[in-house]
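Put together the whole structure using the sequences plus the hints.
Line by line, the protein sequences are chains B and H. The first sequence begins at 1 in this note's numbering and counts up by one. The second sequence begins at 1 in this note's numbering and counts up by one.
Everything labelled a hint here was simulated from the structure, so no lab data went into it. Be a bit skeptical, because a hint or two may be false.
Capping the alpha-carbon separation at 35 Å, the derived lysine-lysine pairs in DSBU-like fashion look like this [unchecked claim]:
hint: 1; chain 1: H; residue 1: 212; chain 2: B; residue 2: 173
hint: 2; chain 1: H; residue 1: 212; chain 2: B; residue 2: 72
hint: 3; chain 1: H; residue 1: 46; chain 2: B; residue 2: 72
hint: 4; chain 1: H; residue 1: 27; chain 2: B; residue 2: 6
hint: 5; chain 1: H; residue 1: 460; chain 2: B; residue 2: 6
hint: 6; chain 1: H; residue 1: 35; chain 2: B; residue 2: 6
hint: 7; chain 1: H; residue 1: 70; chain 2: B; residue 2: 6
hint: 8; chain 1: B; residue 1: 57; chain 2: H; residue 2: 212
hint: 9; chain 1: H; residue 1: 70; chain 2: H; residue 2: 555
hint: 10; chain 1: H; residue 1: 212; chain 2: B; residue 2: 6
hint: 11; chain 1: H; residue 1: 171; chain 2: B; residue 2: 6
hint: 12; chain 1: H; residue 1: 212; chain 2: B; residue 2: 166
The lines below spell out each chain.
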Amino acid sequence: MENSLKNITLQSLRPALGLFVILSIITGIVYPLLTTALGQSFMPAQANGSLITQGDKVIGSSLIGQNFTEAKYFWGRPSATGPYPNNAAASSGSNQGPLNPALAEAVKNRVAALKAADSDNTLPIPIDLVTASASGLDPEISPAAANYQVSRVVKARELTVETVQKLIAENTKGRQWGVFGEPRVNVLQLNIALDKLTVIQP
Amino acid sequence: MLSNAGFFSNAIVQVGLYLTVLLLITKPMGIWIYKVMHGESAIANKVGGPIERLIYRGLGVKPEQEMHWKHYAVALMLFNIIGIAFVYLLQRLQFSLPLNPQQFANVSVDSAFNTAVSFVTNTNWQGYAGESTMSYLTQMLALTVQNFLSAATGLAVVIALIRGFARHSAKTIGNFWVDITRSTLYILLPLSFILAIFLMGQGVIQNFDAYKQVTTLQPTSYSITDAAGELATQTTSTQTLAMGPVASQEAIKMLGTNGGGFFNANSAHPFENPTPLSNLLQMLAIFLIPAGLCFTFGLMVGDKRQGWAVFSAMAMVFVVMVGVVVWAEQAGNPALANSGANQSFIDQSSIASPSGMELQSGGNMEGKETRFGIVASSLFATVTTAASCGAVNAMHDSFTPIGGMVPMWLMQLGEVIFGGVGSGLYTMLIYAVLAVFIAGLMIGRTPEYLGKKIEIFDMKMTAIIILATPLLVLIGTAVAVSVASGTVGIANPGAHGFSEILYALSSTANNNGSAFAGLSANTPFYNTLLAIAMFVGRFGIILAVLAIAGSMAAKKRIPVSLGTMPTHGPLFVTLLIGAVILVGALTYIPALALGPIVEQLLMTAVN
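Here it is in structure tokens:
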């Protein structure tokens with residue numbers, strides 16, 4: 001056995017190389033192309049990124065969060081992507097450890113920014129509104145985080161609380177199948193709906 | 001907040017449903033693996049038989065001709081080294097090759113080498129950021145392919161080991177070419193295709209377009225440091241959406257317990273994992289084959305109870321670990337509460353209004369996605385590190401100290417709690433050998449497992465398997481914290497910085513691939529150190545496992561006697577869990593004390 005180890009290696013070269021090539025073609029070319037063909041034929045909207053268009057202009061993806069800092073818009077999760085927030089070509093979390101002073105500092109600053117934009121608001125500030133998401137592209141916030149921002153948006157847009165709450169409700173998803181994940185509000189879609197409303201009632 | 005009944009009931013329902021579905025798919029999966037690996041599936045033979053025969057004939061492989069363990073090992077090593085060379089070359093040449101719409105440059109020497117070893121060893125540690133480094137061709141033809149082939153390699157090894165136990169007085173343990181072909185064509189490929197379709201339905205993308213530029217609702221101002229070192233303010237009113245053939249890679253990334261994300265943010269990226277349902281499917285996909293293999297094991301050794309015993313040991317440890325992570329993450333971070341954030345869990349049962357406006361998951365949400373919240377993020381983190389997957393849907397670096405320690409410890413246990421495809425069960429079976437050996441010492445009898453006497457050679461190999469990864473992890477960590485090129489990569493101050501390095505070595509030596517991702521590991525130092533850890537942690541163990549397979553196959557079967565310790569009952573399950581936990585605790589608690597444990601104490605002191 002021992003002295004034929006070299007022979008075994010030589011004998012194995014052909015099947016090793018051949019099988020590698022064949023399986024590479026099947027799993028690395030045929031399989032992804034077949035999946036693409038299926039996706040593009042039967043679910044093109046999803047396969048192309050769940051894009052939102054206005055007229056002929058693409059204004060975003062319902063799955064990818066955008067950066068909002070103006071008072072009239074609902075703000076999303078803080079984003080740690082570089083060089084600017086919500087950079088969808090460079091997804092990333094902050095990777096700050098729980099006791100990193102920079103994390104506590106960042107949260108403090110975000111709390112201060114929220115308070116500065118709406119000084120009369122006494123609601124507790126939801127944790128998801130002041131902590132960076134894992135992807136830096138989180139499209140959603142918790143219902144509580146939307147609720148916290150209602151008074152600011154109402155003031156900036158001169159709308160009624162009921163109107164804004166109704167829009168939030170329309171853009172809220174509960175737990176999937178009533179069980180999985182968490183309830184959440186899609187920020188971009190909510191803001192688009194708000195903009196449409198303001199256009200109609202100038 | 002932790003007394004909140006609503007929280008616990010939802011956590012229990014989410015985790016409970018996950019485990020129930022897993023339990024339901026274990027047996028059918030196990031039967032399917034058994035049938036196709038033995039050529040007994042009528043469908044597989046009808047559809048794939050002609051292709052299989054064509055492949056064998058073309059390559060001069062005689063499928064009925066089995067291999068001695070050394071022959072099997074040579075074939076396996078050759079096949080995998082060819083893989084490393086090919087993945088390396090493709091990355092080094094990608095700029096000149098097609099399907100590179102973003103015109104990404106060739107990957108650097110050290111990063112390409114690290115990535116090649118990483119994907120071939122089923123680790124999928126990623127020093128690079130996918131969407132800004134790899135062309136579509138590299139993602140498909142190098143990385144997706146190895147997602148399949150590394151998992152198929154794991155499957156082949158575990159089937160060979162089980163053959164060793166199931167046979168007696170035999171010289172051979174199977175034919176590697178046949179095992180790898182069948183694993184790929186009949187197990188991994190059809191499952192991936194089905195999962196990819198489901199994932200696309202949920203919103204995972206699958207295209208070959210260039211990155212899409214969209215006009216955002218609101219322009220974004222940001223500051224950058226310009227060439228002169230001055231802070232300059234810039235404004236952008238566009239967002240560039242990364243694209244690519246994601247779903248096909250995502251599916252095998254989970255099913256093959258690979259874990260290498262198409263994007264930097266991995267399964268936290270909404271294009272990789274858009275909904276709680278896609279998240280559930282991904283978590284099930286991770287455990288599907290490792291759990292099914294337990295049943296396959298029972299079938300092959302002719303006693304299903306043997307398989308269920310191993311399954312139970314895994315499941316029990318798993319449930320406890322999930323519980324700890326969920327608890328730690330929901331309890332939150334006192335430092336963030338001090339900064340003015342509300343971390344309470346608020347659900348329908350704790351509010352007066354029926355509108356649901358006040359709902360929030362609360363807890364430590366730094367580095368977590370809203371759609372997953374605490375429970376689905378904690379469950380995912382536990383699943384991915386119990387298995388050797390390493391995909392993440394939340395950033396482990398930002399977990400609470402205990403919440404981050406559990407994933408680290410699960411990897412350090414050798415990823416035997418279901419574990420990687422093949423690798424989980426083969427390592428667990430080695431722990432079973434260790435457990436019966438310890439029991440044999442205690443009662444003064446020759447240890448035996450599944451009718452096979454455990455002898456000196458087997459224990460030597462077992463010792464190599466049990467000790468190899470701790471040596472890699474602890475010595476590797478010691479080296480990295482002792483040299484400047486190691487410590488310079490640390491992102492977080494204090495004990496957490498040490499945890500980042502310990503996590504990196506634990507993850508690579510055990511072929512997991514998840515990270516405390518703050519660590520800047522894309523440097524020649526880490527790319528080399530971690531590649532060595534991955535290679536030795538994978539193939540060092542596989543060679544020893546194949547040696548045991550050969551040794552077991554050659555032994556005579558000894559009949560069950562009064563002195564035989566049954567290995568299908570609660571006593572054995574307890575012994576097995578004991579062996580795993582004992583080795584893991586003795587080896588790693590000193591190191592863990594310097595990282596997460598001291599950090600947890602500091603965190604409680606903040607409160």
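Now the hints, each set against the structure:
no. : hint            : in the structure
1   : 212/H <-> 173/B : holds (27 Å)
2   : 212/H <-> 72/B  : holds (27 Å)
3   : 46/H <-> 72/B   : violated (63 Å)
4   : 27/H <-> 6/B    : violated (42 Å)
5   : 460/H <-> 6/B   : holds (26 Å)
6   : 35/H <-> 6/B    : holds (34 Å)
7   : 70/H <-> 6/B    : holds (11 Å)
8   : 57/B <-> 212/H  : holds (12 Å)
9   : 70/H <-> 555/H  : holds (16 Å)
10  : 212/H <-> 6/B   : violated (53 Å)
11  : 171/H <-> 6/B   : holds (19 Å)
12  : 212/H <-> 166/B : holds (32 Å)
Hints 3, 4 and 10 from the earlier list are contradicted by this structure; the remaining hints agree with it.
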